[in-house]
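**Q** Whenever a hint applies, use it, and build me the whole structure from the sequences.
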Amino acid sequence: MKNIEEQEKKAALLADDLTSLESYIHDLFYFSPLPLSFISPIGVLLEVNPSFEELANLRSYELVGEPIEELFVKKEIEKIAKETFKKGGVRGKEINFFPKGKEKIRVKIYTKERKDERGETVGYFLCIFDMTEIKKLEDKLKEEIKKLKEKLKKRKK
Amino acid sequence: MEESLSKEKVEEYLRFKGEIRGVGLKNYAEFILKEDGEEGLKELEETVAKYGCPIKYKELNTMDFYPIGYQAVTIAAMKDVLHYDDDKFYRLGGFQPKISLIIKLFMRYFISLDRLAKEVPKMWRKYYTVGKLEVLELNKEKKYMKLALRDFPCHPTQCHQTLRGYFPSVLRMVVKGEVSCEETKCVHRGDEYHEYILRWS
Numbered sequence: 001m002k003n004i005e006e007q008e009k010k011a012a013l014l015a016d017d018l019t020s021l022e023s024y025i026h027d028l029f030y031f032s033p034l035p036l037s038f039i040s041p042i043g044v045l046l047e048v049n050p051s052f053e054e055l056a057n058l059r060s061y062e063l064v065g066e067p068i069e070e071l072f073v074k075k076e077i078e079k080i081a082k083e084t085f086k087k088g089g090v091r092g093k094e095i096n097f098f099p100k101g102k103e104k105i106r107v108k109i110y111t112k113e114r115k116d117e118r119g120e121t122v123g124y125f126l127c128i129f130d131m132t133e134i135k136k137l138e139d140k141l142k143e144e145i146k147k148l149k150e151k152l153k154k155r156k157k
Numbered sequence: 001m002e003e004s005l006s007k008e009k010v011e012e013y014l015r016f017k018g019e020i021r022g023v024g025l026k027n028y029a030e031f032i033l034k035e036d037g038e039e040g041l042k043e044l045e046e047t048v049a050k051y052g053c054p055i056k057y058k059e060l061n062t063m064d065f066y067p068i069g070y071q072a073v074t075i076a077a078m079k080d081v082l083h084y085d086d087d088k089f090y091r092l093g094g095f096q097p098k099i100s101l102i103i104k105l106f107m108r109y110f111i112s113l114d115r116l117a118k119e120v121p122k123m124w125r126k127y128y129t130v131g132k133l134e135v136l137e138l139n140k141e142k143k144y145m146k147l148a149l150r151d152f153p154c155h156p157t158q159c160h161q162t163l164r165g166y167f168p169s170v171l172r173m174v175v176k177g178e179v180s181c182e183e184t185k186c187v188h189r190g191d192e193y194h195e196y197i198l199r200w201s
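Each protein sequence line maps, in turn, to chains A and B. Just so we're aligned, residue 1 is where the first sequence starts under this note's numbering, counting upward by one. Just so we're aligned, residue 1 is where the second sequence starts under this note's numbering, counting upward by one.
No wet-lab data here; the hints were simulated from the structure. There's no promise every hint is true.
[Claimed, not checked] Okay, derived cross-link-like pairs now, SDA-like style, lysine to any residue, Cα gap no bigger than 20 Å in a straight line:
{"#": "1", "chain 1": "A", "residue 1": "K10", "chain 2": "B", "residue 2": "D64"}
{"#": "2", "chain 1": "B", "residue 1": "K104", "chain 2": "A", "residue 2": "K10"}
{"#": "3", "chain 1": "B", "residue 1": "K104", "chain 2": "A", "residue 2": "E76"}
{"#": "4", "chain 1": "A", "residue 1": "K112", "chain 2": "B", "residue 2": "L105"}
{"#": "5", "chain 1": "B", "residue 1": "K104", "chain 2": "A", "residue 2": "V122"}
{"#": "6", "chain 1": "B", "residue 1": "K58", "chain 2": "A", "residue 2": "S23"}
{"#": "7", "chain 1": "B", "residue 1": "K104", "chain 2": "A", "residue 2": "I4"}
{"#": "8", "chain 1": "B", "residue 1": "K176", "chain 2": "A", "residue 2": "S60"}
{"#": "9", "chain 1": "B", "residue 1": "K176", "chain 2": "A", "residue 2": "G43"}
{"#": "10", "chain 1": "A", "residue 1": "K115", "chain 2": "B", "residue 2": "K104"}
{"#": "11", "chain 1": "B", "residue 1": "K34", "chain 2": "A", "residue 2": "P50"}
{"#": "12", "chain 1": "B", "residue 1": "K26", "chain 2": "A", "residue 2": "S20"}
{"#": "13", "chain 1": "A", "residue 1": "K115", "chain 2": "B", "residue 2": "K26"}
{"#": "14", "chain 1": "B", "residue 1": "K176", "chain 2": "A", "residue 2": "P50"}
{"#": "15", "chain 1": "B", "residue 1": "K118", "chain 2": "A", "residue 2": "S20"}
{"#": "16", "chain 1": "B", "residue 1": "K56", "chain 2": "A", "residue 2": "T19"}
{"#": "17", "chain 1": "A", "residue 1": "K115", "chain 2": "B", "residue 2": "K58"}
{"#": "18", "chain 1": "B", "residue 1": "K26", "chain 2": "A", "residue 2": "S60"}
{"#": "19", "chain 1": "B", "residue 1": "K118", "chain 2": "B", "residue 2": "I102"}
{"#": "20", "chain 1": "B", "residue 1": "K104", "chain 2": "A", "residue 2": "H26"}
{"#": "21", "chain 1": "B", "residue 1": "K122", "chain 2": "A", "residue 2": "L14"}
**A** Okay, here's the thing in structure tokens:
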């Protein structure tokens, strides 16, 4: 009798811990200002956070269960996936991203392979860094440098 | 079984043996919020409370278990008060796996059909304390899977529509492309168990 009571207490504690953990992970994933997602080994989106929804211009229920290649050039994302499974992840690869109903954007991709307790690949995390503002600044800087160079040329004459 | 909500019907549903995980009921609420907003959910909660089943969906604990009858009551109320038709319940079924926490726990099994087929009974157990879901047949060459659901007390709409939308939505996470689902046997029609055939292209 005492054993059953102890087991029930332990089970209740575990359930409580599980709820707390789930809440923490949920809050962390959903808080991240960086678009995050989890992709299955065959390239299906299994989870996305709100930042990813915003970047893709789609709601989570429109994204989950769909192939990731809907948002990228198929060959490019397949190459990223291959490299992820071969090396464990990629860091800062630049590719194009195609949000729904908007212009394509240049992004940097970060991935991390995920394995189960048997060491079998179960998918990979994918994080996106939107390069749009950086590219705009880059272009502006190049333009300013060009103008400066032309000014210097004229002065030398 | 009649489908309209009444005090007698609610009492009948609440006599169903078994429990459902809070996350399952919360998924219904998520769909209602998407389709009908806070007003829709409020209307549903007021109705079920009126019939002696006061469920506050947002306050339900995700991982706790609740009487399985709550699910049938929720479905009956969605039909009566929010006027959901078959198509909407089918779409509800397809929506649920996309937001379900339980599905996320099983993501590691979405790596192959064989692995998924093996874990199907375990996945069911994470949602319900009653009922047994198993894969009767998996034919990868002809691209179909046959499922059997036994000993599961449910509202007819759940087996005819919601589960018919739910199963293909899960399978699409393992096979790319369209997946169709047909209920080929039903307990409400006198069969021994519910049977579903899923086909993919």
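**Q** So, for every hint listed, does it hold in this structure?
**A** Going down the list of hints, with the structure as the test:
{"no.": "1", "hint": "K10(A) - D64(B)", "in the structure": "holds, 15 Å"}
{"no.": "2", "hint": "K104(B) - K10(A)", "in the structure": "violated, 24 Å"}
{"no.": "3", "hint": "K104(B) - E76(A)", "in the structure": "violated, 27 Å"}
{"no.": "4", "hint": "K112(A) - L105(B)", "in the structure": "holds, 18 Å"}
{"no.": "5", "hint": "K104(B) - V122(A)", "in the structure": "holds, 12 Å"}
{"no.": "6", "hint": "K58(B) - S23(A)", "in the structure": "holds, 14 Å"}
{"no.": "7", "hint": "K104(B) - I4(A)", "in the structure": "violated, 31 Å"}
{"no.": "8", "hint": "K176(B) - S60(A)", "in the structure": "holds, 18 Å"}
{"no.": "9", "hint": "K176(B) - G43(A)", "in the structure": "holds, 9 Å"}
{"no.": "10", "hint": "K115(A) - K104(B)", "in the structure": "holds, 15 Å"}
{"no.": "11", "hint": "K34(B) - P50(A)", "in the structure": "holds, 15 Å"}
{"no.": "12", "hint": "K26(B) - S20(A)", "in the structure": "holds, 17 Å"}
{"no.": "13", "hint": "K115(A) - K26(B)", "in the structure": "violated, 30 Å"}
{"no.": "14", "hint": "K176(B) - P50(A)", "in the structure": "violated, 24 Å"}
{"no.": "15", "hint": "K118(B) - S20(A)", "in the structure": "violated, 29 Å"}
{"no.": "16", "hint": "K56(B) - T19(A)", "in the structure": "holds, 18 Å"}
{"no.": "17", "hint": "K115(A) - K58(B)", "in the structure": "violated, 33 Å"}
{"no.": "18", "hint": "K26(B) - S60(A)", "in the structure": "holds, 16 Å"}
{"no.": "19", "hint": "K118(B) - I102(B)", "in the structure": "holds, 16 Å"}
{"no.": "20", "hint": "K104(B) - H26(A)", "in the structure": "holds, 11 Å"}
{"no.": "21", "hint": "K122(B) - L14(A)", "in the structure": "holds, 19 Å"}
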